Amino acid sequence: MNRTIQTRVNGRKSIEENVEPRMLLVHFLRDRLRLTGTHVGCDSTNCGACTVLFDGKAVKSCTVLAVRAHGHEVTTVEGLAQNGKLHPLQAGFQHEHGLQCGYCTPGFIMAACDLLSRNPAPTEQEIRLGLEGNLCRCTGYHNIIKAVQWAAANLAEGKSDHV
Amino acid sequence: MSDADEGAYVGQRLARPEDRRFIQGAATYVDDVALPGMVFAAFVRSPHAHARIKSVNAEVALDHPKALHVLTGAEAVKASHPMPVYSYEPAQKIEKPAYPCLAAERVRFVNEPVAVVAATDRYSADDVAELVEVEYEPLPVLMDPEVSLQESSAKLHDNLPNNIGLHLVRQGGDIKAAFAEADGVLRRRFRMHRHTGSPIEPRGIVASYNVGQNALTVYASTQIPHILKTHLSEILDFPESNIRVIAPDLGGGFGNKLQVAPEYVAVCLLSMRLGAPVKWIETRRESLSAFIHARDQILDAEIAYKKDGTLLGISCNILVDAGAYLDARISGPTLGAGLWLTGPYRLKGYFCDMKETMTNKCPYAAYRGFGSTKGVFVIERSVDLIANELGMDRAEIRRKNLIQPEELPYKTVSGLVYDSGDYEEALDRALQAVDYQKLKAEQAALRKRGKYIGIGLAMAVEGAGWNTYTAAMARPYVPTQDYSTITIRMNLSGRVTIYIGDTSMGTSHGVTASQVAADALGVRLEDIDLVEGDTAVTPYDSGTRAARFAGVVIPGVEKAAKSLRSKVARVAAHILEAAPEDIEIRSGEAFVRGLRSKTVTLQRVAQVAFAEVWSLPPDIPPGMEATESFRAPRDSICVTWPYSVHMPVVEVDVETGITKVLKYVIVHDCGTEINPMVVEGQAVGGSVQGIGGVLFEELVYDEDGQLLTSTFMDYLLPTACEVPNFDVVHMATPAPQIPGGYKGMGEGGAVYSYAAVISAVADAIEHLGVEVTSTPLSPKRIRQMMRERAVVAA
Ligand code: FES
Ligand code: FES
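Order-wise, the sequence lines are chains A and B.
Heads up: the first sequence begins at -3 in this note's numbering, then just goes up one per residue.
Heads up: the second sequence begins at 3 in this note's numbering, then just goes up one per residue.
The reader is advised that the hints may include incorrect statements.
[What the hints assert, rightly or not] For lysine to aspartate or glutamate, the following EDC-like pairs were computed, each having C-alpha atoms within a straight-line distance of at most 20 Å:
#	chain 1	residue 1	chain 2	residue 2
1	B	K662	A	E120
2	A	K81	B	D621
3	B	K309	B	D430
4	B	K665	A	E122
5	B	K782	B	D729
6	B	K665	B	E444
7	A	K81	B	D34
8	B	K453	B	E724
9	B	K569	B	E630
10	B	K569	B	D637
11	B	K178	B	D355
12	B	K402	B	D430
13	A	K142	B	D729
14	B	K56	B	E20
15	B	K157	B	E705
16	B	K157	B	D146
17	B	K309	B	E408
18	B	K662	A	E13
19	B	K68	A	D27
20	B	K569	B	D584
21	B	K564	B	E614
22	B	K68	A	D51
23	B	K453	B	E653
24	B	K662	A	E122
25	B	K453	B	E768
26	B	K569	B	E627
27	B	K309	B	E398
28	A	K142	B	E724
29	B	K68	A	E128
30	B	K564	B	E583
31	B	K665	A	E120
32	B	K442	B	E768
33	B	K308	B	E398
34	B	K569	B	E614
35	B	K350	B	E408
Hint data in this document are derived by calculation from the structure and do not stem from the laboratory.
Remember, it's a predicted structure, so these values are computed and weren't measured experimentally.
Taking the hints into account, I'd like the entire structure generated from these sequences.
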């Protein structure tokens, strides 16, 4: 039976009626809420392109049913910039050329968000391990690691919107 | 960055302005396109590798409450021509095996599409597809490319009596003399396994047929919007003028998305039937099993050499496992492998026989490196093995054979004409950057403790921009020569828009084209926008391919920008009452040279040109736009010749078979660099594809033709944990024939990294009595090699 789902997405209340029980959170975000920054790259939970924050923790939104989000809070890449200021991770990816085609980028940014919230000053190895669930086919990861390091340093200094 | 002087932008490590949309989730990939009334497609695919289709029954499917239409192969074949194929050898004639967009009579690989359905939403489309009943009569399956050549084997296509899709032969120099002179001949069978580009964004299309206008608008994940339009017109028998292809943001392509996808044709047909927009987004399973496969080749090579290490000649028979149909670009990766067999070395003789055989696998085509990956692997591995045989150092044997700067331009025996550079200098810099002598000493010490590290070494000259390709693609529009046509326009506001007919697939066209145009025009970088990929507003172009952006497209941008600059100068001169040749343009202002007080903003200039045309003298045409073509030099198959030396260092655990890449040095030269940060990104990204290709990724079929690795669970891409940090050393020898001196480099790291990683693993374990001549070098394969060695030793 189709349901009505009430969520807070990027700080805003949303009420969506008539959601199929089998609908995945990623399709709910993309097709129903038109938040298309969250991407789909696989059908086996491997690529991480769909990563969002669910009650503040990174989840792969292709593995969560939309109905599970009822009464919960979701943050997508669209919700990161505040008052027109980029989040340091967003600025870091731009500054360090941490993206090429950009398809994996929102997923990496959200996964890194979770990582930095748990570990604000990760070592290179910790960053690599923390992003192991995300695939990038373009960058070879080298600059993604630098982008996260840049963000960690700038978060510590309270800076953002560098570019 | 606001006060830009001429030359201020080119050469700088600038962040990409276009990133703003990607980092905020505001890019538009094809799956982000939503049109009013849009419905969704899903494909019915064959579970068999080879079978006759006995019947297709859509009745039950059409009863589904959300089903809108089912298009079968039999109907599609009536409504469309077969998929195209052509050869990169302009003279080559190809027997086209019929390649329908949907199989009608016979299926020839698992997951080949046999029907396409439309339904009101994504999930229902999948449900409906499952309800289509197809009856098959299985046929014998051909999985081995060598067996496929045997006379007794079943034939996959009626018009290919030997299962040979394409046969090319090339030769150069004097191969007989080269072998006659030899002290030794190295004979080996080399093999590279099947794997592919797997961009993280799979294929996808939104096709929208407008009945009233008889017009077809196609949003497609493609590297070739204009070429796709031309092909759709031919395949659908539909006027090209009424087709518009829009390539939105592209989530990676790597050559795979040069494909004219049969699925795209089927979705267009579906939209034309329904008169509604239809979206299809591929799943990863479909992508790995039915998109494009690559690399898979057997290369039987003989290399003649003298005992002082002088290389004399190479002769090679290449067998390509082309899969079930000939993709349009099939001949490219074959020819590429053959042409790149000569490396950066002076050779006297060359012979290469290239055959593409048909098997019951997914069709094979382009993936970054475009064939060169195999040629470079074979020559570089052979040089190493010859060095081992002669007791020479691998760097020294190369030094002895490298083409020297004073010999350039140099025509190789395979027919490539290298343009400029210093290959030996690049080798020296790499040895230095990796600290070769010290590393060798360390390696020897570690070996005594049972720890095996390997120092990889590979080098090559890469071709960027393909001349013959253009002819093949856009026939009958273009002669055998790569070119670019660029439009650049100043708007009423004084801002500038560049129009390019290809599409950035992560290749940073926005920032690099803007850097060049800003310098040429005298405007600020932030005042430039780029429009790409929309055939309705951009000039005809052969697409994002063959690393041609810097060497072929950018000179077009520069030329068009200069041409626009002279228009701006004429109008500014009129306003300032000066002579056009006295006008200088900088940072968005035009002024009379030496008289900064006589200045006009470009916004004002544009206003006059657009909206106050009555005030212009009659010989100045209205508007502010220029279109120019750049024609690439065509003395060789490729346009420019970047080169690199790659030196990865690996550690191989012979117990587990696991190879860890510890360090990776790249020395490269792509001519004048527009943006070194972008260049490094391409070099590193391509190298990691080589690491993945050699160590992890493999498309494995069982003997019945079922693909065993159809998800990212079993098709293993490298993650952040499997790759090292990279040291990139830049050299910059301008391309002599290209204004600006740029050479492309998007094939980038992939051309060299295969050979380099293979060489590193070999260096780590060959002293144990094994020989590395094939890939993958997965843990399983390395353990197997170690076991086999133990058996031989016993
Ligand atoms: S789409 Fe790949 S992990 Fe969710
Ligand atoms: S930037 Fe293209 S997949 Fe990561």
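Hints, one by one, checked against the model:
| no. | hint | result |
| --- | --- | --- |
| 1 | K662(B) x E120(A) | 16 Å, holds |
| 2 | K81(A) x D621(B) | 49 Å, violated |
| 3 | K309(B) x D430(B) | 24 Å, violated |
| 4 | K665(B) x E122(A) | 18 Å, holds |
| 5 | K782(B) x D729(B) | 30 Å, violated |
| 6 | K665(B) x E444(B) | 14 Å, holds |
| 7 | K81(A) x D34(B) | 24 Å, violated |
| 8 | K453(B) x E724(B) | 19 Å, holds |
| 9 | K569(B) x E630(B) | 13 Å, holds |
| 10 | K569(B) x D637(B) | 33 Å, violated |
| 11 | K178(B) x D355(B) | 15 Å, holds |
| 12 | K402(B) x D430(B) | 13 Å, holds |
| 13 | K142(A) x D729(B) | 14 Å, holds |
| 14 | K56(B) x E20(B) | 52 Å, violated |
| 15 | K157(B) x E705(B) | 17 Å, holds |
| 16 | K157(B) x D146(B) | 13 Å, holds |
| 17 | K309(B) x E408(B) | 26 Å, violated |
| 18 | K662(B) x E13(A) | 51 Å, violated |
| 19 | K68(B) x D27(A) | 17 Å, holds |
| 20 | K569(B) x D584(B) | 13 Å, holds |
| 21 | K564(B) x E614(B) | 23 Å, violated |
| 22 | K68(B) x D51(A) | 35 Å, violated |
| 23 | K453(B) x E653(B) | 8 Å, holds |
| 24 | K662(B) x E122(A) | 17 Å, holds |
| 25 | K453(B) x E768(B) | 13 Å, holds |
| 26 | K569(B) x E627(B) | 8 Å, holds |
| 27 | K309(B) x E398(B) | 13 Å, holds |
| 28 | K142(A) x E724(B) | 16 Å, holds |
| 29 | K68(B) x E128(A) | 39 Å, violated |
| 30 | K564(B) x E583(B) | 13 Å, holds |
| 31 | K665(B) x E120(A) | 14 Å, holds |
| 32 | K442(B) x E768(B) | 15 Å, holds |
| 33 | K308(B) x E398(B) | 14 Å, holds |
| 34 | K569(B) x E614(B) | 15 Å, holds |
| 35 | K350(B) x E408(B) | 18 Å, holds |
Hint compliance for this structure: hints 2, 3, 5, 7, 10, 14, 17, 18, 21, 22, 29 are broken, all remaining hints hold.
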